[in-house]
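**Q** Chains as they are written, first to last, in our numbering: chain A, 1 to 185; chain B, 1 to 589.
Don't read these hints as lab results, they were simulated from the structure. Just so you know, these numbers come straight off a predicted model, no measurement behind them. For glycine and all other residues, C-beta sits at the position ideal for the given N, C-alpha and C. Don't take every hint at face value.
Okay, the calculated bits of chain B under chain A, using three or more residues with CB under 8 Å as the criterion [said to hold, decoys possible]:
#, segment
1, 33-39
2, 343-351
3, 479-493
Computed from the model, here is a short list of chain B residues facing chain A with C-beta under 7 Å [claimed, not checked]:
#, residue
4, 94
5, 254
6, 378
7, 425
8, 450
9, 455
10, 573
Next come the chains, spelled out residue by residue.
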Amino acid sequence: MLAKRAMLLIGALLVCFLVVGSACIFPPELEPGTSDAGPSATPVILSAGPAPDFLFPGPIVLDRQDDRTLSLTVQDNDVDDVIRVRLYIDYGRPNPEPAYAECQAASTGELTRVVACQVNSLCNPIGATDVGDHVLEAMVADREFLSDSDPAATGQSLFRALRDKTRAGYSFRDWIMRCNAPVEI
Amino acid sequence: MCVSSDDCSGTAICDEGVCWGDPPDTTSFAAVLIPPADRPELALTELTDISIAADGQISGLQFGPTISLHGRIILGCAVDQQEGCGNAAPVPGQVLVERVSSFRGGPQYRRSVLTNPGVGVEEDTFSISLPADDAEYRVTFVADESSLESLALGGTQVQAPPFSTTIRASGDLAVVWEIGKPEQLKSIEGCVTSATGNGSNFEGMRVSALGRWSLLDKPTRASSVVTTDSEGCFNLKVPIDMLDEFDIIAKPGPGKTLPTLRLSGELVVDPSIDKPGLVHTIAPLLMPNAPNPVQFKLPLRGASGAGALEPVSGATVVFETSFALPVPDERNIEVSFSTQVVSNGLGEDDPGVVEVDLYPGSADLNRSYRVRVLPPPDSEYASVFDAVVEVGTGEGAPVLGSLDLQRRIAVTGAFTTADGKALVDTPLTVRPSALLRLQASTSERAMLDNLQFPSDLTGENGEFLVWLDAALVGLMARYDFELAPPDFSSAPRWSFESVSLANPSSPAGSLDFGSMPLPPASYARGLVRDLQGQVVVGAEVRWFQVPTVEACESVGEPGSAEPCLLPARLLGLWESDEAGEVIAVLPDP
Numbered sequence: 001m002l003a004k005r006a007m008l009l010i011g012a013l014l015v016c017f018l019v020v021g022s023a024c025i026f027p028p029e030l031e032p033g034t035s036d037a038g039p040s041a042t043p044v045i046l047s048a049g050p051a052p053d054f055l056f057p058g059p060i061v062l063d064r065q066d067d068r069t070l071s072l073t074v075q076d077n078d079v080d081d082v083i084r085v086r087l088y089i090d091y092g093r094p095n096p097e098p099a100y101a102e103c104q105a106a107s108t109g110e111l112t113r114v115v116a117c118q119v120n121s122l123c124n125p126i127g128a129t130d131v132g133d134h135v136l137e138a139m140v141a142d143r144e145f146l147s148d149s150d151p152a153a154t155g156q157s158l159f160r161a162l163r164d165k166t167r168a169g170y171s172f173r174d175w176i177m178r179c180n181a182p183v184e185i
Numbered sequence: 001m002c003v004s005s006d007d008c009s010g011t012a013i014c015d016e017g018v019c020w021g022d023p024p025d026t027t028s029f030a031a032v033l034i035p036p037a038d039r040p041e042l043a044l045t046e047l048t049d050i051s052i053a054a055d056g057q058i059s060g061l062q063f064g065p066t067i068s069l070h071g072r073i074i075l076g077c078a079v080d081q082q083e084g085c086g087n088a089a090p091v092p093g094q095v096l097v098e099r100v101s102s103f104r105g106g107p108q109y110r111r112s113v114l115t116n117p118g119v120g121v122e123e124d125t126f127s128i129s130l131p132a133d134d135a136e137y138r139v140t141f142v143a144d145e146s147s148l149e150s151l152a153l154g155g156t157q158v159q160a161p162p163f164s165t166t167i168r169a170s171g172d173l174a175v176v177w178e179i180g181k182p183e184q185l186k187s188i189e190g191c192v193t194s195a196t197g198n199g200s201n202f203e204g205m206r207v208s209a210l211g212r213w214s215l216l217d218k219p220t221r222a223s224s225v226v227t228t229d230s231e232g233c234f235n236l237k238v239p240i241d242m243l244d245e246f247d248i249i250a251k252p253g254p255g256k257t258l259p260t261l262r263l264s265g266e267l268v269v270d271p272s273i274d275k276p277g278l279v280h281t282i283a284p285l286l287m288p289n290a291p292n293p294v295q296f297k298l299p300l301r302g303a304s305g306a307g308a309l310e311p312v313s314g315a316t317v318v319f320e321t322s323f324a325l326p327v328p329d330e331r332n333i334e335v336s337f338s339t340q341v342v343s344n345g346l347g348e349d350d351p352g353v354v355e356v357d358l359y360p361g362s363a364d365l366n367r368s369y370r371v372r373v374l375p376p377p378d379s380e381y382a383s384v385f386d387a388v389v390e391v392g393t394g395e396g397a398p399v400l401g402s403l404d405l406q407r408r409i410a411v412t413g414a415f416t417t418a419d420g421k422a423l424v425d426t427p428l429t430v431r432p433s434a435l436l437r438l439q440a441s442t443s444e445r446a447m448l449d450n451l452q453f454p455s456d457l458t459g460e461n462g463e464f465l466v467w468l469d470a471a472l473v474g475l476m477a478r479y480d481f482e483l484a485p486p487d488f489s490s491a492p493r494w495s496f497e498s499v500s501l502a503n504p505s506s507p508a509g510s511l512d513f514g515s516m517p518l519p520p521a522s523y524a525r526g527l528v529r530d531l532q533g534q535v536v537v538g539a540e541v542r543w544f545q546v547p548t549v550e551a552c553e554s555v556g557e558p559g560s561a562e563p564c565l566l567p568a569r570l571l572g573l574w575e576s577d578e579a580g581e582v583i584a585v586l587p588d589p
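For reference, chain B alone in the conformation it holds in the complex:
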């Protein structure tokens, strides 16, 4: 790029053929430093005080002091219990430590580690390093349900409900957390039965409870996942410290086809001093009567460019239906069935066909299914979020009418550097825009977060082609086009944000953006160091552009203490080399 510093703009200097420095002066940056695996004493660290000198030298890339959260998580003992609990019963599971990011729009700070219950009785079953930032962290422990059987005594099912607490990272913390202590929990029991009263068909259902720790918290799992017995009955333990309203959810066990029952807003009062062993009994959850599932075939077809219909392979198809309650019930109960399959590949028998077990309709009335179709991200065929498929009895006619998909929009363009050179061999990733996610409801956002989106690699002239849905989850789609050019291509990582596909002047089915220039790049470099000032090899640096206060307030409440709704933009992801040096290629718009 340069022979001497005279070839560089502004304050940049030329070194080894690269213009370093002349950093952008109107952009606010932050970084996340991730330690290499062989340095467990270092903690993932957020940096908000990094600076870039005029010559491109970065200062501030340093891991700070850390604290260690470590200890044992064990099964609590009942009053007269001597065996199978306490220090002799470490519980396997996942420890999750979280807090909001320390910079606007930053990703949530999150570390997780699995406990190691196989250690000696006095050793720690987990240890995690955190920055000594005096911040408050939420720590949650979720037991590994499949491993709890090893702790069972006398055939009793062991329950270890999720455990949550907060800590302050002001110094090393050695903990012993006893979970599942009877005095910390209250019991909910109930049964899943048929409308005729015989519960034996519902053995093996998986039942759990959802609750909240406070009104500000989202619903979260409040109990272990327990299995119904031969009578279809269950007993759940939930924390007394949670709010008293719970949702009880009964789902079919693995490999079983049954509806899911959800009882919402069940009030479970705490045991009192005069009723310490109070068990909350819920009235039976009645499973509707329904014929056995039948295998149906649903052909999935898409319109080719020439107009013919072709099989669509590799598409995920989700079927959902609801059942009426067998008898009126004042409680808030939903009975639903959902299943998901992938359409057959082109080389298989019945290409493009979905083979699925569904609850059939009756002789008088079809059963309606809401259907979502999600073709592979590189497919030309459009997603469907709200189709309705009517299913009859299936006798003699298990093949349903085909579901025909429209075509996605062929979106093209060509990326260039700021000075007009084609950006060759540059990965492009498309994602739903942050503004679209903000428009979506909670359930729509969950659907969006489940989706895969296309990627492409630019060609010899910087050109690209991606197939995009015009609408997502019922909303007019807007996308971020994210580019990660080669490091020394004179172009930084960049995102064209909130791109709309609405263009009345474009031919139907296609949209060309023409030339799309990226801003110039500014090159910076710096050494990653530990607290002792020694360089750290193999540290990962995630570099972010922080949204402005004005941008945050434009989508949220002005002056609000809530985290910014706009995400900080990831500008790059680099690893420190053998000398501990990392290079940052930043946009200088």
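Same shape as in the complex, but just chain A:
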């Protein structure tokens, strides 16, 4: 199965390259300038679902302690990599804050795989009376995220440190996000 799929894909890529050039496998809606130029292939988020609830660019509307599962379809040409995703709310707006969700997906042998993320804690930093727009940012990486207390995290962005940073591949995608007012129990 794996061999057959790989052959089909290689064949498709060759055809694609011959017809339209080497950039044909990259969806046009990727954000330019936000991915790493290290030697590892860069994982990228192709889409989010279920639709229409979680489509890019939003706005997506979440409940407090929302029990839905967000699916991210991620492409990584290094098919053996484990994919990690962290979700941040208003990172750097104005201050860097910790991630409010983290999720991972093992290799499937395919170029794309689905990463499932829980969204129950994404509204935690949003004030109870705040029903306005915020930025939900997904950082997808092919290396382990480090704790800030890890010496290898020194010099890296707060709460976004990666192991083996010089070789890591990572990218970002954003949504506009809103949180419904809490239902006080």
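With chain A fixed as given, assemble chain B onto it according to the hints.
**A** What follows is chain B alone, placed relative to chain A:
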């Protein structure tokens, strides 16, 4: 894994090096089919009639017939109103469609879509596809409060309280819902004032009401969120169709530091024929007198493995306090203040310090705060759910005594396949167990549902390390360890359920589970099709193991018609490929 079918167990066949089939025969499965974004005519579909043949072929992965719920949501007109309402005033907001799952323990069926008020006056502002399953759905509309200003006329604040109705998915439904029609609503007015009677300080508070549609429903938002005027006064509209008891909640506006007032159980009778314009006036809500908030610093420290105290960064710290009412009141009123901050990072000034604006105590009496500390999920430092911090006046001494955290328990082990091979590079996610959630009270469950839990990736020998709290929200913790191995690792997605950390023979602070074998995997595959039988590319299949009737009855009422309290276990999440094929890797214990 195989060269020929002789290498496979049972009825499985070998194809492209994989043993397909020999599916588990004692497990009940269900699936949720999620259509790709480019197929909006397909609806999210629950499948309870899927089967796996002996050779691993899955049948039943098909989207069924759908119906379309579509239409316009507009602002209702008052009797003599001509402008700013009706078809010319579509209301922006969220349409939410829900029902209980059609299979035991399944996640609630839920779809939501934002309306598009910018379309032409005869066009639909929303459309959503639902399965044509003849089921009853609850539809709720919540207006986007920040966009309602565009509908305001003459400076009047527009109110569009949440709207709820039920529909039956037996055929396409074209609707025009008028919300906020005066004859559907009743008014509640009141003011937030100080104990000395001057309300001018409480302009800009955000006030809303909670109510219930029936005795069986949970409390839900019953009104728009309105803003108090320069006198601190407000006027709310709530649906006449709701039960007559409401809670009124006044919270500070964004960026303001003030207590929250909650009036519970206010009886608001419906207008009558002889009093059609009846407005229910509540007695003033008195804000207690209190000194202005002061910035305090609270050092957060944790015990390192060597015993020294180190700063704890990135921890969320929640402070809560209550105020006594300034004058006795027969009504059920609570006045509380709550704030939440994150402790400084290690690279910042004052690492591990929490800087927070709090209401101070007085010269005679400290103010007590209940404090929760939630370190990052990968932190070695333990959560605290019930600390008490005493706060003085803050004059000359804004630094509070440090809050020192214990260490979490270092939990280790090693996962293997059924035949003993190490499970390498396998994501592990830890969550509170379903049984723990069932033990918790409603408010404890809400706290649990807010928490983040750790994850890890197994190493070369399948080993893992996670730091876990021994207790959660005051309960002895039990966790589910969820693994999602690589698809062709001979191991299925699996959960070790309700794992306890109590082990008297373990050294304090650590717990090793040793080798933890997973059951064997059974591989299955099938094509996802639409109603016309055409394959669907990019459909997501969420595969569930359904709890048995006996398991449900063990935690609930035998024979009850209520949904099962135990959740169906998510076994995998796969996407159909370019050929419309999806692979399922299932546990075969």
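**Q** Please go over all the hints and tell whether each is borne out by the structure.
**A** Each hint, compared with the structure:
no.	hint	result
1	33-39	holds (count 4)
2	343-351	holds (count 3)
3	479-493	holds (count 6)
4	94	holds (5 Å)
5	254	holds (6 Å)
6	378	holds (5 Å)
7	425	holds (5 Å)
8	450	holds (6 Å)
9	455	holds (6 Å)
10	573	holds (5 Å)
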